[in-house]
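These protein sequence lines map, in sequence, to chains A and B. The numbering of the first sequence is our numbering, which starts it at 1 and goes up by one. The numbering of the second sequence is our numbering, which starts it at 1 and goes up by one.
Think of the hints as simulated: they come from the structure by calculation, not from any bench. We treat Cβ as the ideally placed atom computed from N, Cα and C, and that holds for glycine. There may be inaccurate statements among the hints.
Derived lysine-lysine pairs resembling DSS-like cross-links, with alpha carbons at most 27 Å apart [unchecked claim]:
hint	chain 1	residue 1	chain 2	residue 2
1	A	K80	B	K201
2	B	K56	A	K80
3	B	K144	B	K201
Covered by chain B, according to a simulated footprint, are these stretches of chain A (three or more residues, beta-carbon under 8 Å) [stated by the list, open to error]:
hint	region
4	76-89
5	114-124
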Amino acid sequence: MSLKRNFFAGVDVGSLAAKSVILEDGKVFATGLVPSGFDSVESGLNALNLALETAGLKKEDLTYIVGTGYGRVSAPYANKAVTEITCHAKGANFLHPTVRTIIDMGGQDCKAIRIDQDGAVVDFAMNDKCAAGTGRFLEVMAGVFKVKLEDLGALSLSATELVPMSSTCTVFAESETISLVARGEKPANILNGIHHAIANRISGLFARVGITSDVFFSGGVAKNTGMKTAIEEALKVTIVKPEIDPQLIGALGAAVLARNFSKKQGLWS
Amino acid sequence: MVKTDLYEYPPELREEFEATEAIQFRDGSSATAADVWHFMTEIAPKRYPFAYTQKKYAGVRLSRDIHLPSAIKNHYLLLTMNDRITRSRENGAPVIFVQGGQSVDPYYAAGGIALRPASVGLWARGRHEGLGLNEEVVRQHKQKEKAYHAISFEACQTAGYENIQEGGLPIDMVAPFTCLRCSDISYGVEAHRHGPNKAVKLMNIDYPMRHQADKTWAVEYFAQNLRRLTSEIGKLAGREVTDADLSKEIRLHNEGRRLAIETAELWWSADLPPTNGVDRRSLYQMGGMEVHGDPSASLTVLRESHAYIKERVNKGIKAEGVVDKPIRLFVCGSCVFPNDFRIEEAGAIIVGQDNHWSDISTLVEEDGDPYQNLAHAILSYPYEQSVEVRAAWTIEQLKKSRADGVLFLYQWGCNTQSAIARMLCDTIKRDTGIPTMIIEQHEGGSEQSEQLLNRVNAFIEML
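Turn these sequences into a full structure, and let the hints steer you where they fit.
Below, the structure is given as structure tokens:
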């Protein structure tokens, strides 16, 4: 007798990147990560196809797909859409069941999420109108210093001092940074100041929802080691180390939910 | 431009609808159900195609709960605002701009028509015919920007300035109660004072602040303000206003308020939601007697609807498109609310709002001096009290409505509600354990942004 294998996919279409994770038997089987394009349907499919290709699977092999992220409303390939807040909670809980607080910093927003032992959201807060602490903000800063986005963290950690920043507004911070450079401040020190200013700013979100250990950092910005260090200092916490790319946590949570939903619907047992 | 793909009421509904009651207007005229059906199926689709949009999330679209007569009649009254208000004004009824969330008994007692900012917008909207949804939204935005230019781009709302000062609506008087609920009224009143339209008379009905309902001086002072108000409107209407006029009006408005309270209690008691969120809101709001610019018309529809809701609740009839056991959300804050269609799609429903409900659910004593009674009631509005008192009242509404969560929304730039939101939500959370969420909103359009949707959907998922 041959047992049918069940694969579940989560597709997270964000403002900067589209991500997908395929799960099998409670294990990450394959992943895909591509830049988001203009067409969010196409972006999501590209990420999904990449993961399918890596896994050597076809779309028909998937039992259930959950779409998440801002592109979830345009995901005809998905069986269900869920917000990324719920998905990040499930994803972090899947990797680390002891996690109770999540900092998610994505391309266009920043979230503080508190979860319970089952990975259900207990409370959350998001940045409202301000882009401080988002991937887009850091992209602008990388542009000012003419360095790659992924090099910002390491550069910031090489700082010898912290240059205070008076504004975390993306537009004002850019002009302030340009004038600091013109005054001869070292890029690493300015970046150190920027990361700490943002960390202090987003700590306000945690004043609302509270912090309980363990703390997890997800989203594309979580790859920035300078930001991770600044947040650990601002919140006085130690962030747990993720086993997979933290940018994939939303897609992972979506895949976990795909497994749960499809089981509930009796699609497998 | 030829509009295509518009929503059409099913023709087979006609007979059933035409058997429902006529709408009685304040001037003694009426519209039979057949008149309403004719307007809504033949005339309005040509004059106001935006309302017939098939876009499922468009906030202005017609309710699809077609077996609830009030749903169609409410739209009829909203789409005939321009025709009716223009005609009434030509017949000598002055039109007065008031604030949202305040009662309008004294304005009507003196022979006027009271319109809050949203209703002024509806009147203005009716003057632009043949527009599709996007054209109508663009028109509104253009008008709004004119007002922001004149007032301040930091104003949350614009107190009807775009229509009264810039849009040429013939408003006779700007006379709101100056309670603190909205910071735009202070911006707006000042802007009207300096606006180009000098024909608009300005009058502030000075509202004693800081929980004064039980202070004799405050009740007497506000009653004097109300006398001044009815006297001034009476002058515009060319009539003398007696105490008996106000007493009669209070009785009429109390009937509306009582019906709205009874309808709400029925709705809240139901196992299955008897209406969708949009129709629920319309029904409750009719109890404020302001929304259609004609209290008699609102009352006719509310009376008929009450019977329908009772029947639906008794028979366990659920509104179409609503899930069986939705997450129940109560909305706090002024001016803005989330998109009902999107909320219902996510498996939730809005069961109530504190804003207008504060004045609708405050009955006025009918025996004794009508001015003193009205003043006492108005000074008792829970929404205008200290945060502790407002929170206690809100908690009472949450229990009655069996709410699972609270969304506090306010418009960007609203200096009042933004200051209150956190304390109110913290108190609710502390005393009831009900989860709350605060959202600052600053957007036009008809379907609500992804940013807002994301927060609300995540909140619903959390609940």
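Results of checking the hints against the structure:
no. : hint              : in the structure
1   : K80/A <-> K201/B  : 56 Å, violated
2   : K56/B <-> K80/A   : 19 Å, holds
3   : K144/B <-> K201/B : 22 Å, holds
4   : 76-89             : holds (count 5)
5   : 114-124           : holds (count 5)
In the structure shown, a violation is registered for the earlier hint numbered 1 alone.
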